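**Student:** This is what each chain is made of:
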Amino acid sequence: MLYPRYNFKFLEETKVSSVYEQLGGQPAIDAAVDIFYRKVLSDDLISGFFEDVDMDKQIGKQKAFLTMAFGGPNNYTGADMRKAHAHLVARGLNDSHFDAVAGHLSATLQELNVPQNLIDQVMAIAGSTRNDVLGR
Amino acid sequence: MPTITYSGRAYAGGDGETVLETLLRHGEEISNSCRAGACQSCLLRAAAGSVPPVAQYGLKPTLIEQGYFLSCVCRPEQDLVLEPAGGLEVPAVITALERLTPTVLRARIRTESALDYRSGQYITLRRDDGLARSYSLASLPDEDGLELHIRRAPQGRMSGWLFEEAREGQSMSVRGPAGDCFYTGGNPDQPLLLAGTGTGLAPLAGICRDAVRQGHRGPIHLYHGALRPEGLYLRDELLEITRANPNVQYTPVVLHGEGEGITTGELDKAIAADHPKLSGWRGFVCGDPAIVRMLKKKLFLAGMGSKEIFADAFIEAVCS
Numbered sequence: 001m002l003y004p005r006y007n008f009k010f011l012e013e014t015k016v017s018s019v020y021e022q023l024g025g026q027p028a029i030d031a032a033v034d035i036f037y038r039k040v041l042s043d044d045l046i047s048g049f050f051e052d053v054d055m056d057k058q059i060g061k062q063k064a065f066l067t068m069a070f071g072g073p074n075n076y077t078g079a080d081m082r083k084a085h086a087h088l089v090a091r092g093l094n095d096s097h098f099d100a101v102a103g104h105l106s107a108t109l110q111e112l113n114v115p116q117n118l119i120d121q122v123m124a125i126a127g128s129t130r131n132d133v134l135g136r
Numbered sequence: 001m002p003t004i005t006y007s008g009r010a011y012a013g014g015d016g017e018t019v020l021e022t023l024l025r026h027g028e029e030i031s032n033s034c035r036a037g038a039c040q041s042c043l044l045r046a047a048a049g050s051v052p053p054v055a056q057y058g059l060k061p062t063l064i065e066q067g068y069f070l071s072c073v074c075r076p077e078q079d080l081v082l083e084p085a086g087g088l089e090v091p092a093v094i095t096a097l098e099r100l101t102p103t104v105l106r107a108r109i110r111t112e113s114a115l116d117y118r119s120g121q122y123i124t125l126r127r128d129d130g131l132a133r134s135y136s137l138a139s140l141p142d143e144d145g146l147e148l149h150i151r152r153a154p155q156g157r158m159s160g161w162l163f164e165e166a167r168e169g170q171s172m173s174v175r176g177p178a179g180d181c182f183y184t185g186g187n188p189d190q191p192l193l194l195a196g197t198g199t200g201l202a203p204l205a206g207i208c209r210d211a212v213r214q215g216h217r218g219p220i221h222l223y224h225g226a227l228r229p230e231g232l233y234l235r236d237e238l239l240e241i242t243r244a245n246p247n248v249q250y251t252p253v254v255l256h257g258e259g260e261g262i263t264t265g266e267l268d269k270a271i272a273a274d275h276p277k278l279s280g281w282r283g284f285v286c287g288d289p290a291i292v293r294m295l296k297k298k299l300f301l302a303g304m305g306s307k308e309i310f311a312d313a314f315i316e317a318v319c320s
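Here the protein sequences line up with chains F and U, keeping their order.
The opening position of the first sequence corresponds to residue 1 in this note's numbering, with each subsequent residue numbered one higher.
The opening position of the second sequence corresponds to residue 1 in this note's numbering, with each subsequent residue numbered one higher.
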């Protein structure tokens, strides 16, 4: 397979349940998505990329992303990530924007009092998408 | 390419074409209006073959089970045998037409059998020749007849006809209701924010009255935006509701001009000035699609939960 799927073998191998399960599954996603997306939309550095998009559709996409980043069930592939962000890369999406979104994700989890070791795991998964998101 | 058979006549579908486009291209007369899967004017039934799920989005389970689908958003992946969606329309008659402003007409419609609907949902009104348009319901289900607010659209065929030619007693037909922008009980103390422009007031007034009727106790704040004071309407009736129900507040907002009891400025700024924090609120936004999209975002950024925002963006008819 050309692109990796983001389901993390090390979680299975070490018999550790995924962050997604430890956080409580879908309700955790629901709790996080509004806080996360609100931070993203309020950040002038990146909000321009979301200017004319439909909010309901975006919320759906953010949920899918968070489920993936939490190590939950997902079918994301690197190819999907590239395709979904290609038009944004063409508009100048770069590392600074990726870092900003990652920062909002981390802050969201802190706001929800998620333990630091779980936050670290989520950030590792999110960080592993960087090259695909930025089309490198 | 899949073959589309409609009322016994077989047509080859075009590349990436919707069922509606294929049928219109071959000269079939199919009612349609929004071409975005919202108004349900173009409803057809598949007697054989299955349609992509997106073509049945928003339809009642009972309709989906019978094979009904929206032809304007159906790009078929297999051969289909189709028939018109008969039997879903209720005969109706116009009982009153009243100009509220030079560009807003209030129509009252009585259906032959009672329509099971919620205030704020919309119906599709159909003329005998097939011309169809969707309008939101400002009335309450237990009232006699349906109340619609018709905006006079530039070169609008239905609205122009309703303004100039239609008379009381005119027979029509009604299909629906559809839409999920309406009041639901279960949280009578939650503050509600209702905001919209133009005839977006129709569903909002319906939702407001429905909430009051169902004994809503929390604050209800209705904002109606217009370009100028002349664009505001229904003011006396809304003020009457606020007098009878201290928890209801009504704020008319105009972009240009001024008047007593009217706020001048942008609608979203007027809302933000009164309610900078909206966490815990529920919102209903209706009317012009660009304004609806903008308001949804503003309410969300002010703290309203994404699941608490209900919207009905009025989609312009694109043709026939």
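Hint data in this document are derived by calculation from the structure and do not stem from the laboratory.
Here the structure is a predicted model, which means the values were calculated and not measured.
We treat Cβ as the ideally placed atom computed from N, Cα and C, and that holds for glycine.
Don't take each hint at face value.
So the derived list for chain F, only partly shown, Cβ under 10 Å to chain U, looks like this [unchecked claim]:
1. V33
2. D52
3. D56
**Student:** Now look at each hint and say whether the structure bears it out.
**Tutor:** Here is what the structure says about each hint:
This hint holds: F:V33 has a C-beta 7 Å from the nearest C-beta of chain U, less than the 10 Å allowed. Annotation: interface hint on F:D52 holds; nearest CB of chain U at approximately 8 Å, less than 10 Å. Annotation: F:D56 was flagged as interfacial toward chain U, and the flag holds, the nearest CB pair being 8 Å apart, inside 10 Å.
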